[in-house]
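Given these sequences and hints, build the entire structure.
The chain contents come next:
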Amino acid sequence: MTRSATPKLGAYALLAAVALVTGLFLGRVELVVFAVPFITVLVLALLLTEPPVVDVALMLSETRVIEGDELEATVSLTSDRPIEELELGLVQPRGIEIEESPRCISLTLTALNTLVSEEQDAQVHREEVFRLRTNRWGARKVGVIALRVTGPGRLVSFENVIDAGQSLNVYPASESVSRSVSPSHTQMYSGDYAARLSGDGIEFATVRPFVRGDSIRRVNWRVSSRTQELHVNLAHPERNADVVLFLDTFADIDLRNGTVLDLTVRGAAALAQYHLRHNDRVGLVSFGGMMRWLTASMGRVHAYRIADFVLDVNATFSFAWKDIELLPPGILPPSAVVIAFSPLVDPRAIRALGDIGARGFSLAIINTLSEHEVDPTPTQEGVLSHRLWILQREKVRDEFRSRGIPVVTWTGDTGIEAAVAAIPRRDRRVREVHK
Amino acid sequence: MKWFLTAICALFGAALVIHPLVLSNADAYVIGVAACAWIALVIAAFAGAWSAAVMGGLFLVAEYAIALILRDTGIDQWSALLAAGLLLELELLDLVRFVKRTSSIERAVIMHRLRFLVGATLAGLFVSAAALLAGAATTGNQPVALLVGSAAALGSVWMITALARGKVGGG
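Which chain is which? The protein sequence lines are A and B, in order.
Read in order, the letters of the first sequence correspond to residues 1 to 435 in the numbering used here.
Read in order, the letters of the second sequence correspond to residues 1001 to 1171 in the numbering used here.
Treat the hints as calculated values from the structure; they're not laboratory data.
No residue lacks a Cβ here, since even glycine has one placed at the ideal position from N, Cα and C.
Some hints here could point you the wrong way.
For the chain B half of the interface with chain A, some residues (derived, Cβ under 8 Å), not all of them [to be verified]: (1) G1124; (2) V1127; (3) S1128; (4) G1135.
Ranges of calculated distance between the beta carbons of each label pair, as one might list FRET restraints [as the list claims (entries may be wrong)]: (5) A:P376 to B:G1032: 55 to 61 Å; (6) B:I1075 to A:A5: 29 to 35 Å; (7) B:L1081 to A:E159: 34 to 40 Å; (8) A:E371 to B:I1110: 53 to 59 Å; (9) B:S1103 to A:S318: 40 to 46 Å.
Take a look at the structure:
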């Protein structure tokens, strides 16, 4: 622990010195007497001050929580002797709030041996519980603890900042959606979309004459009796789709309610859950200063993978030009639906989205930055440049729309489902089977 | 509680600056310095600033020194009490500052601080009284009185140290 003198020590020393010198200079014993109490306190306090040895540990009640959840952080203090005055502060990490003392998180502890004491090994032990509330998703580190022990008279303090480093994964609280972007093509696995092909399934497709090998159970007796020839029903098989969620992480922009990345992550998490629930294969691409991806897959384990993936989504500043050529083959499966979350501010992301659309992927863009969120500078030039900026953004969106790529704006005031509902339906989309 | 302590500090500061005023028969210079001392102590109490507390203490020393020069008759027998009073005032200011800056304080901490405050004030009073006795004795050039006074001062320091080791212990 770092030993340091408090302002009080300096004040007492100065007062004593001034009184002594003045007393000597004037030859008055009263002024020397004036200095005596301060010298006494200084000498006594310095003689009695001993460096403390305090062991600190932190334990979290949960290590994985959902945004908005509460948890407890228990700080354990162990010392080889009682400590009369100890100040303890848990440094509040970003996105986590300490409840009941939101502004000042320092706490003073004392008489550690009077509450929970373990007399064996002549140690005193105490636990202090902080109640935390998670406000924002992300992988957090909790456990930077500031400790200050003051000696007798608070003339000398011993301070230490301990990093008890506990990881806390705060998953985004995603809404439950009941619709998403419908794919144009289906894939080979069983799913919830009626494929265009004919085969086994429950969605009626057509009737055709019986051929050798057809199951007798599929004979349409009504048509067969009318035509005097055996006919069988054909159905559309239920298949799944490949969905790639494209997250533009070039920039994070503060909005009135959170940030652009907050919208991106919450929307992506909600749509990922929806598609996984419908047996689709879901992949993720975090396209930004640091490019990351998650190969499309399905199932419960993949849901956990996605949850962990979005925790590390952050905007990393980079001048490097990024292109979708950097993505390994298979990250964008053929005929996949690509749902992009982008504020459409970085030209690299805009170009990448244009490339994806040009390659024939079924692309839908959810614009996460509404122009209403950005206030113009209150000058004539500021207002004019703001209007120009709005026009530029409208032009970008129109270019996408002219290429058949729908762009909708999502502000976060409504759920992601409302934004998805605003995406125009394609004529060639496959139908969803309602079971 | 912090406003109660702040008010006590302000009132006690006023009580401290009165003694030199009385000593100097309310001399204009002393009144001016006393006002400065009291204002500094009040600012220290309200703002919790040690710099203001130090200024207040220095002004009080200056006020007392001027009062002593103006009086210039014998030894002021209340000097030990005034010194202990200033120590108590500064300890109270420290307590106010501590209470204002810390969000959550346990009762045991306050009790410990009050115990220290009372103990330090009494010890300061005792030792300064001993020093005053020794000083008064030396003015008459009496070697025996000087020895007795010095022994008393040393003895009191030793006693306080021994007591503090027993009571305050492992801080």
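Verification of the supplied hints:
Of the supplied interface hints, the one on G1124 of chain B holds, with its beta-carbon coming within about 3 Å of a beta-carbon of chain A, less than 8 Å. Using the Cβ-Cβ criterion of 8 Å, the hint placing V1127 of chain B at the interface with chain A is satisfied: the shortest such distance is roughly 5 Å. For S1128 of chain B, the interface hint holds, since its Cβ comes within 8 Å of a Cβ in chain A; the closest pair sits about 4 Å apart. Because the beta carbon of G1135 of chain B sits about 3 Å from the nearest beta carbon in chain A, less than 8 Å, this interface hint is met.
Our hint of 55 to 61 Å for P376 of chain A and G1032 of chain B holds, since their Cβ atoms are close to 57 Å apart. The given range of 29 to 35 Å is respected by I1075 of chain B and A5 of chain A, whose C-beta atoms sit roughly 34 Å from each other. For L1081 of chain B and E159 of chain A, the hinted distance range of 34 to 40 Å is satisfied, since their beta carbons lie about 36 Å from each other. Distance hint check for E371 of chain A and I1110 of chain B: the Cβ-Cβ separation is about 56 Å, which falls inside the suggested range of 53 to 59 Å.
For the pair S1103 of chain B and S318 of chain A, the beta carbons lie near 41 Å from each other, so the given range of 40 to 46 Å is met.
Comparing the model with each numbered hint stated earlier shows that all of them hold.
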